[in-house]
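2 protein chains.
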Amino acid sequence: MNPEQAYADLVRRMKEIAVLGNTAGVLGWDQEVYMPAANAAYRAEQLSLLAGMCHQKFTDPKVGELISKAESSKEMTQDSLSDSAVNLREWRRSYDRSTKLPQKLVEEMARVTSQAQVEWVESRKENKFSRFQPWLDKIIPLCQEQAKCYGYQDHPYDALLEDYEPGLTTAELNRLFPPLKESLSALVAKIGSSTRKPDVSILKRPCPIPAQRAFCRRMSEAIGFRFDRGRIDVSAHPFTTGLGPADTRITTRFEENNFENSFFSTLHESGHGIYDQNLPSDGHYGTPRASAVSLGIHESQSRLWENLVGRGLAFWKFFYPELKKAFPGAFDDVTLEAFHFAINHSAPSFIRTESDEVTYNLHICLRYDIEVALIGGKLKTADIPSTWNEAMRKYLGLTPPSDALGCLQDVHWSHGSFGYFPTYTLGNLYSAQFFAAADKEVGTLEGKFEKGDFTPLRKWLNEKIHAQGQRYRAGDLCQEVTGRNLSADFFLAYLKGKFGNLYGF
Amino acid sequence: MNPEQAYADLVRRMKEIAVLGNTAGVLGWDQEVYMPAANAAYRAEQLSLLAGMCHQKFTDPKVGELISKAESSKEMTQDSLSDSAVNLREWRRSYDRSTKLPQKLVEEMARVTSQAQVEWVESRKENKFSRFQPWLDKIIPLCQEQAKCYGYQDHPYDALLEDYEPGLTTAELNRLFPPLKESLSALVAKIGSSTRKPDVSILKRPCPIPAQRAFCRRMSEAIGFRFDRGRIDVSAHPFTTGLGPADTRITTRFEENNFENSFFSTLHESGHGIYDQNLPSDGHYGTPRASAVSLGIHESQSRLWENLVGRGLAFWKFFYPELKKAFPGAFDDVTLEAFHFAINHSAPSFIRTESDEVTYNLHICLRYDIEVALIGGKLKTADIPSTWNEAMRKYLGLTPPSDALGCLQDVHWSHGSFGYFPTYTLGNLYSAQFFAAADKEVGTLEGKFEKGDFTPLRKWLNEKIHAQGQRYRAGDLCQEVTGRNLSADFFLAYLKGKFGNLYGF
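Keeping their order, the protein sequence lines are chains A and B. Counting from 1, one number per residue, gives the positions in the first sequence under my numbering. Counting from 1, one number per residue, gives the positions in the second sequence under my numbering.
It is worth saying that the hints were derived from the structure and are not from the lab. Just so it is clear, CB atoms sit at the ideal spot from N, CA and C, and this is done for glycine as well. Be a bit skeptical, because a hint or two may be false.
[Said to hold, decoys possible] Footprint (simulated), chain A over chain B, 3 or more residues, beta carbon under 8 angstroms:
id : stretch
1  : 29 to 41
2  : 199 to 208
3  : 236 to 249
4  : 253 to 267
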């Protein structure tokens, strides 16, 4: 077998794994959206069988041999941006990672986190950190053990970040986050001391769900989500899932008295969906060349449409009349400006998922600091609540009245997902930096939004980001697309501009 | 490995195959109900991969060895109705069948029928039998070859029947069908010459789809379909699919001006669904002991609820007021008797799927005669249209004006599904025989229906039929449950009673 044949065999195998992975994807989607709850245990059995099959196929020693064989070809690797070089780079990375963990550790992690999730639900319900703490005491050493098996240069947390944001390091986050924290805290203080306050009660006015459904679909379509190759359904927690080259599904949820929530959820998931729908497909489907770069880059696409577009004044200059028509009577007495101010209200809150553009990243920075300290062995789990509450006071001026509203609010740690949180903030930073670059290259985007034209922005994203697949790692993509390394400057400038205008500073 | 261990290993393997089979089931359901059409080719790839996996796992020579080993145990086989004996009997049957066809024949059949389905669609559209005929000329020899590989005693058609109705023979159908045909033809003539005619136009009155949806769901629930372990959705062609021990899904379709269609489709599929939901599950799931007996028995359950219950006067004595409330104004001027007459209108028609309780089985008998003649080499494909039309004239007094309304109307032959049609009629015959037995054992069922009580009938079916799984073959089950072999007498008596009353003879 020559290197070209080895490569062809790899492509075939990886596509088969993708077919099985997407099959699991359909089962997962169905479980959240339509499956009768009584079938949960059986569905778990199905998903576990498929996951085992995918893992077995991917970690087959033959795959390792094929990768090595293909890597020996100069032709296929010399141009590091060629399809074959990109695919081999990513297959090598994933293969090495997935073969580095001993089976025993994988099983122990699965066993512990499966119980820990149940315990987390109960601990939060009982508002009792002491109940969850022993589980963290099991999970953290397992994560540290994982990091040791994966290997790292500077900090064990680097090895964990790699699962979500390949190539990202703790050092890089330590460069980005502290100045961001400082500027955001200052911004929170300025907003807090402003005498201007939006009337957010208008957002709780009843909007019939069928009309919300129609309006959300219309907006999703307007920004470019394709319903001939996708769907929108309802689930308890909104998500996006790619189930095939022409099948991308988003979900949202509706509450009659919370139009804002369903609307921005839909826009957010549509952003993820537009990324997925515009990854390369023909011939590439199932390979890294046709896959998303990282969680951070994925989040940049959702946040860009949700916030930089959907919470912008230009967007609503065009759509506010349509909104008024969609919900007759609901907003008759509300000016465009008042509506725009309301959807951009900012105030410190205890819960990350209820926070806003200004405060969100402070919630993340707080978690990041705690995660790094825990994985680095510098913080005891017993000290999490006090550390958490102190940071909340410092950054947001709030003291959580309970751990349920504090360090017990998120599910992530019970999954053993240390290293996930930072990707949310990276998404926000990337979104602003990409938007600024697009604005410069395409011409003033807001002028187009005011006319309801989102195509130039979407096409720019399609070409610069979506069509690239994993050709570049996140950092390189940013450099390539914006001409600069990732920086918080764009995001901060965007926030200061918008919130300065709204709150008058 | 002792026989008990071999048996345990078989159970484990078969459950894994069921898990994969149900996974394919979810993909198939999703394809018909929610998948964007653009994803069809990829979904076909997924389904083909899963089908291949299931086939490979089931035909693994190791499975054959395990069955032989387990069969050597007296303990597990001496009581032919024990779980182990039942499972081994059915595994042996399926294993032998699935290993009897040479790979080349299976592939050739798949290739030919895949093209033939496309050709059938076009031929019907163009009303051009000569376009479809060459495909039948390919498919029939392949079916004959299949029959030869499977083996048979009397007639090659027996070997094909076995796919749908294990143990059924052409000889048995030749006993059942001719007198049925005769009696039904006579009944058609009597109805045709009656001066009483129902006003069927009332069934085309507009009924808003949301109200139809709610009413159909309510009726499905009333007869015992469990929505905590099932769903109802919309698809182009109604179907029922079991996706797990607590997940049975039915579909229907709605047209504003055809309430009758969606209602009886829902009742029909609910009947299938109730069977599926009440098969044994705990511990047995994935084995023959927990599977349906045959297509004919499955159809008996759908037809029983659709026709013997749902088209009965007693049912509507209870539900007609509710129907009137569900569609305000639509039936205000229609008496219960007029409504009942309308939903039992009978008249010859060209299309099988549009026929009624009296005429339906004549459509089947006609197809059966042609199938047996084709597979037996007694009829040339070129003679299908004339044979078809002659039979239509003889049984139903109609001459199809075109092949599209005649021998090109059904998809089955393009699938190579010879032997499928008779199961529809078997379902009808079984339904009446089961109903009569239940009525005798439980006490007058109609008296209970008038009070909206369907539980006694459902419980009887649960116990006598559903809970048995494949313990008995269809014929034995009928003997066991009704004390008699299958006979057309019950069905004919039921028809004569109902239609005699309605049409006055």
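Hints versus structure:
no.	hint	result
1	29 to 41	holds (count 7)
2	199 to 208	violated (count 0)
3	236 to 249	holds (count 5)
4	253 to 267	violated (count 0)
The structure shown violates the earlier hints numbered 2 and 4.
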